[in-house]
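2 protein chains.
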Amino acid sequence: MNKENKNYNKKKKIDDNLKVIPLGGLGEVGRNMMLLEYKDSILIIDMGFRMPEETMPGIDYIIPDISYLLENKRYKNVVGVVITHGHYDHIGAVPYVWNRIGNPPIYAAPLAKGITMKRQDEFKDQPKLDINEIKDGSKIKLGVFEVEFFRQNHSIPDNMGLLIKTPVGNIVHTSDFKFDDFPVNEQPTDFKKLERIAKDGVHLLMCDSTGAEEPGHSLSEKDIYENMDKIFAGAKGRIIMATFSSLINRIQQAVTLSEKYNRKVGFIGHSMRSNVEVTKKLGYLKSQKGTLLKKVAEVNNLPDNQVAILCTGAQGEENAGLMKIATGEHQSISIKPGDTIVFSSSVIPGNERSVQMLKDDFIRQKANVFHYKMMDIHAGGHAQRDEIKQMISIMKPKFFMPVHGQYSMLFANARLAEDECGYKEEQTILADNGNIINITKDKAFIDKKSVSAEYIMVDGLGIGDVGEVVLRDRQMLAKDGIFVIIAVVNRKTGKVQESPDVISRGFVYLKESKDLLYQARKKVIATIEKSTTSGQVTNWTYVKDNVRNNLGDFLFQKTERRPMVLPVIIEV
Amino acid sequence: MNKENKNYNKKKKIDDNLKVIPLGGLGEVGRNMMLLEYKDSILIIDMGFRMPEETMPGIDYIIPDISYLLENKRYKNVVGVVITHGHYDHIGAVPYVWNRIGNPPIYAAPLAKGITMKRQDEFKDQPKLDINEIKDGSKIKLGVFEVEFFRQNHSIPDNMGLLIKTPVGNIVHTSDFKFDDFPVNEQPTDFKKLERIAKDGVHLLMCDSTGAEEPGHSLSEKDIYENMDKIFAGAKGRIIMATFSSLINRIQQAVTLSEKYNRKVGFIGHSMRSNVEVTKKLGYLKSQKGTLLKKVAEVNNLPDNQVAILCTGAQGEENAGLMKIATGEHQSISIKPGDTIVFSSSVIPGNERSVQMLKDDFIRQKANVFHYKMMDIHAGGHAQRDEIKQMISIMKPKFFMPVHGQYSMLFANARLAEDECGYKEEQTILADNGNIINITKDKAFIDKKSVSAEYIMVDGLGIGDVGEVVLRDRQMLAKDGIFVIIAVVNRKTGKVQESPDVISRGFVYLKESKDLLYQARKKVIATIEKSTTSGQVTNWTYVKDNVRNNLGDFLFQKTERRPMVLPVIIEV
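Chains as they are written, first to last, in the numbering used here: chain A, 1 to 572; chain B, 1 to 572.
Since the hints were made in silico from the structure, they are not lab data.
Worth double-checking, as some hints may not be accurate.
Coverage of chain B stretches by chain A, computed from C-beta distances (three or more under 8 Å per stretch; other residues unrestricted) [as the list claims (entries may be wrong)]:
hint : segment
1    : 192-202
2    : 355-369
3    : 458-465
4    : 539-551
5    : 557-563
No residue lacks a Cβ here, since even glycine has one placed at the ideal position from N, Cα and C.
Model the full assembly from the supplied sequences, consistent with the hints where possible.
Here it is as C-alpha cells:
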C-alpha cells in the first residue's frame with residue numbers, strides 16, 4: 001500500500017468515527033452542553049450556563065464556547081438540540097446561543113419547554129422559540145441519529161434520559177438522575193424500561209457524576225417529606241422555607257404539607273414566582289383552590305399558624321428574598337420571634353459564609369432555624385455511588401464516560417467503574433471540556449487536538465466581551481482602589497499649572513488623608529517638571545510611566561497598598 | 001429611703017458588679033478579646049484577629065475595637081493581658097493594640113510567648129515585647145484578680161484554661177479546648193486537675209462554642225495519626241501535605257511519620273517555616289537530626305519515596321505554597337504523577353470552591369489526593385457536644401456563658417446547657433461583642449448600654465482607616481469597573497476643546513468598543529455645552545452631576561453595566 005492510500009484510508013477511518021465533544025459540564029458543575037458529530041450530522045445535548053467564580057466580579061453567567069460550531073458555519077450541520085430537563089444548567093444558555101447557530105429545532109418535554117420559553121420571553125431582542133414537545137417514550141430521527149427519551153427521577157419533573165442510536169452503536173445519556181422509589185408527583189424509576197433500553201447493547205454510557213464522591217444511596221424524597229412533616233407539625237408560628245426555585249418537587253412537598261396543616265402559601269422571589277406560574281399552568285404543581293396566595297403580603301392578614309412562605313435565597317444571595325427578610329429590607333415580610341425558618345437546600349461551595357450569616361441573623365431575631373445539616377430536609381437530585389453502580393450493571397456499556405461534575409467527581413466516577421465494576425482503563429473515558437472523543441465500533445480515544453472551550457462570560461448585555469484583562473483590572477480595583485491624578489501642563493514653560501487634581505476611590509478615605517495627598521501632588525509635580533523642563537522634546541508616554549511608577553512606589557511606601565495609578569496630563 | 005439615697009445605692013451596687021465585656025470572638029470565629037472589669041481593675045484575655053469576609057476586598061485582618069479602653073484613658077486600669085494560646089485568633093492583634101493601650105504586662109506560656117514575640121519582630125515600628133512566662137499551675141495576682149493557668153488539650157501545645165478568682169466569685173475560662181485521651185507530644189486531659197479547679201465552686205464558666213453544633217466527641221489525634229500512617233505506608237512517590245501552620249501537633253505527626261518511613265521533610269510557606277523554627281527552638285517540635293531540611297529544594301536530590309513536604313495553602317489561598325505547586329509556579333517543587341497530596345485541615349467556610357479547584361488540578365496532574373472528607377486525616381481542636389457536657393458536669397457553674405464562635409454556635413451551646421444539662425434560661429448568658437455582662441454574687445444580666453465593638457479593618461499600614469465608604473467603592477469598582485472622562489473646556493466660549501479623554505478600567509475592553517466610546521464622548525460634549533453656553537455663570541458641580549447621570553444612564557442602556565463614572569472638567 002502506498003503512502004497516499006494509507007493516508008486516504010486513515011482519513012476515511014477518522015471520518016467514520018463518532019465524535020463526542022463536550023463544550024461544557026466536564027470539570028465543572030453546570031454549563032452542560034455536548035455535541036455528537038458524525039460526518040455531516042451534529043446533535044446537541046443541552047445548552048446550559050453556570051454561575052461565575054469569586055474571581056469574576058460583576059459577571060452574571062458563564063456560557064459554553066461555541067467557536068467550533070461557528071467555524072466555517074459548521075452549525076449548519078446541527079440536526080437538532082435535545083434538552084434533558086428544565087434546570088438552568090441545562091437550558092440557561094439558550095437565549096445566548098440558539099440564534100447564533102441558525103435556530104436549530106429544539107426538542108424538550110413539556111415542563112422543560114415551558115421554562116425555556118418563559119425565560120426566552122425575558123430577552124426582548126431574542127426571536128420567539130419554537131420547541132418541539134416530546135414525552136417519555138418519544139422517538140425522533142435527527143440526521144443519522146435516532147433519539148429515544150426515557151423518564152429519569154431527579155429533583156424536577158419531566159427529566160429525560162436519552163437512548164441515542166448512532167452508526168457506531170447505541171449511546172445512553174443518563175441526564176442528571178437518581179433512583180427514587182418514592183418520588184414526588186411522579187412515578188418511581190421504571191427499571192424494566194431501563195433494562196429494555198439496555199437490551200440491544202449499550203456501546204457508550206454517559207453518566208452523571210455529581211454524586212460520584214458520595215457513598216451509598218441518595219435520600220428518597222419520601223424521607224425529606226417525613227422530616228418536613230415533623231417541622232410543619234411542630235411549628236407554632238409562621239413557616240418560612242427557602243429552597244432553589246428549580247426544585248419543583250420540593251416546592252410541591254411544601255405546598256402539600258401546607259394544605260395538610262391548614263396553611264396558605266405566599267411566594268417571594270422572581271424565579272420562584274415564575275417557576276410556580278409555569279408549573280401550575282402546565283399541571284406540574286398540584287394545589288387546592290385558595291392555597292396559593294397571589295401576593296405574599298396577604299399573609300399579614302392571616303394568623304401566624306396559617307402561614308407558609310416559600311422564598312429564594314437559601315444560598316445567602318445578596319438580593320434574594322431570604323436576605324431581604326433577614327435584614328428587614330423586605331417590603332412586606334419581616335421576622336417575628338417564633339417564626340420557623342427552613343433552609344431546604346444544600347449549600348453551593350463558596351456560599352457557606354453567607355448562609356452562616358443568615359442563620360445567625362435569624363437566630364438573633366429569635367426564629368427557629370432548621371438546616372440540612374441538622375436533619376434530612378434536603379436531598380440532592382444526583383445518584384450516589386450505589387445508584388451509579390446499579391446503572392452500570394443495568395446498562396453494561398462497552399465504554400463508560402463520566403459527565404456532569406468537577407474533575408474530582410468525574411475521576412471518582414471513572415475509578416468507581418474500574419475499581420468496583422471491573423472496567424479496564426481503556427474502557428473509561430475521563431475527558432475535559434473541548435476534548436474530541438472518538439468512538440469507533442471497538443475503540444474510544446481522545447484526539448490530541450481539541451476544540452476551543454473557553455469561559456464565555458455574560459455581563460449585562462455583553463457576551464464574551466469581558467476577558468482576562470477586564471477581570472484582572474476589576475480584581476485589582478477591588479483590592480486597593482484607584483488613584484487618578486490630573487495635571488495641566490503649560491506647553492511652553494513645561495510647568496504644572498496649579499495643583500494637580502486627585503480623584504481616588506476605594507483607596508483611602510480622602511478627607512482623612514490630606515497630608516498624603518499633599519505629598520503625592522508634590523511628587524507628581526516634581527516628576528513631571530523634571531522631564532518637561534529639560535529643554536528636549538517631551539515624550540509624554542515616558543513621563544506618564546514615570547508618574548505612575550514614582551507615585552505608585554510612594555503610595556505603597558506610605559500605605560502598603562497598591563491602588564491602580566492613572567496619570568492624566570493635559571497640555572495647554 | 002429618699003431618691004438620692006436610692007440612686008446612690010444603685011450606683012454603688014453596679015460598681016460592685018463584675019463586668020464581662022467581649023470585644024471580639026462572640027458571633028464570629030476569631031478576633032478573640034475579652035475584658036473583665038471590676039472597679040479600677042481591667043483584666044484582658046487574649047488579643048486576636050480574624051480574617052476578612054468576601055465583601056471586604058483588600059482587607060488583611062479584622063481586629064478588635066478598643067474604643068472603650070481608649071475612652072478617658074481607661075486602659076490605665078488594665079492590670080494585665082493573659083494569653084490562652086499561640087493561635088493568631090488569640091494573639092494576632094497584639095502588634096496593633098498593645099502599644100496603644102499603654103503596653104500592659106502580658107502573661108503567656110512559652111510557646112505562645114515565642115510565637116507572639118517572633119511575630120512582633122516583623123513589625124519594625126513596634127516596640128519590643130516583654131512577655132512574662134507562665135506554665136501549667138502558675139498563679140498570678142493582677143489587681144483584684146487572681147489567675148491560675150491550667151493545661152487544656154487543643155491543636156497546639158501550651159494551651160491554657162484560666163481559673164480567675166474575682167470579688168464576685170470564681171470564673172473558669174476553658175480557652176479553645178477538646179478532651180483528648182491520646183494527644184500528640186503532650187499529656188492527656190488531667191480530669192483530676194479539672195475537678196480540683198472546680199472544687200471551690202465555679203460562679204461562671206466561659207466555654208468554647210466552636211464545636212457546639214457537632215454531635216458526639218471530637219476525634220483523637222491518635223485516630224488521625226493512624227490514618228495518616230496508612231497514607232504514609234501506601235505512598236510510593238513523594239508526600240505533599242498541606243495543613244494550617246498553626247496546627248503544631250499535626251506538623252509533629254507528619255515529622256514523626258516521615259522518620260518512621262525514612263523520609264526527609266521540606267517546608268514551604270512563610271508561616272510554616274516561621275512556626276517550625278519557633279517550635280523547634282523551644283523544644284515543642286521533636287525530630288531526629290537530619291530529618292528537617294533547611295531548604296525545600298533539597299528534596300529534588302532525594303528519591304521520591306524519601307521525600308515529604310509540609311506546606312501552607314490547604315485552604316486554596318491564592319499565594320500560598322500549595323496553589324503555587326498546583327499551578328506550576330513554585331520555584332523548586334512541581335507535581336509528578338504518583339505524588340500523594342494530603343489536605344490535612346478542615347475547609348474554612350468560603351474557601352470550598354478554591355479547595356475544589358486545587359483538588360481538580362492535582363488529579364488532572366495524576367497525583368493521588370487524600371482529603372478530610374475521604375478519611376479522618378483532620379481533627380478540629382474543639383470540644384463537641386459530649387465534651388462540652390462533660391466540662392459542664394465537672395465545673396457545675398452557677399452561670400454558663402458560651403464564648404468563641406458564630407452566633408449559631410453560641411446559641412447551640414446555650415441550648416445544650418439548658419436542654420441537656422438542666423440549666424435555666426437566666427443561668428445562661430447568650431451575649432454579643434460589645435455587650436456589658438454584669439455578674440453579681442447571685443445574678444447575671446446584660447446591660448442595655450453596650451460598648452463599641454465595630455470591625456476595625458487592617459489594610460497594609462492602615463488600621464481602621466478603611467470604612468464603609470471605601471469598601472462600598474471597592475465593591476462597586478469590582479463589579480463594573482470605572483469610567484473616567486476628562487473634558488477641557490474653554491472658559492470664554494464654554495466649548496469643549498478637542499475630544500474628551502476617556503480612561504476606563506474593568507468596564508469593557510476599550511479597543512473593541514470604539515463606537516461606544518465615540519458616542520459617550522458626544523454625549524459628554526453635548527451635556528457640558530448645554531450647560532456652559534447658556535450665557536449664565538456655570539455651576540460646575542451641577543455640570544459634573546449632569547455628566548455623571550447622563551453618561552451613567554447611557555452606558556447602562558448600552559451595556560447593562562454600571563461603572564463608576566468620574567467626570568473631570570478642566571477650564572482653560
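Each hint, compared with the structure:
1. 192-202: Our answer is that it is violated, as 0 residues pass the Cβ test (under 8 Å) against chain A, missing three.
2. 355-369: holds (count 6)
3. 458-465: Check passed, 5 qualifying residues.
4. 539-551: The restraint on the segment 539-551 of chain B is violated, since only 0 of its residues have a Cβ under 8 Å from chain A and three are required.
5. 557-563: Since three or more residues must qualify, the claim that chain A covers the segment 557-563 of chain B holds, with 4 doing so at under 8 Å.
In summary, the structure is inconsistent with hints 1, 4 from the numbered list given earlier, while agreeing with the others.
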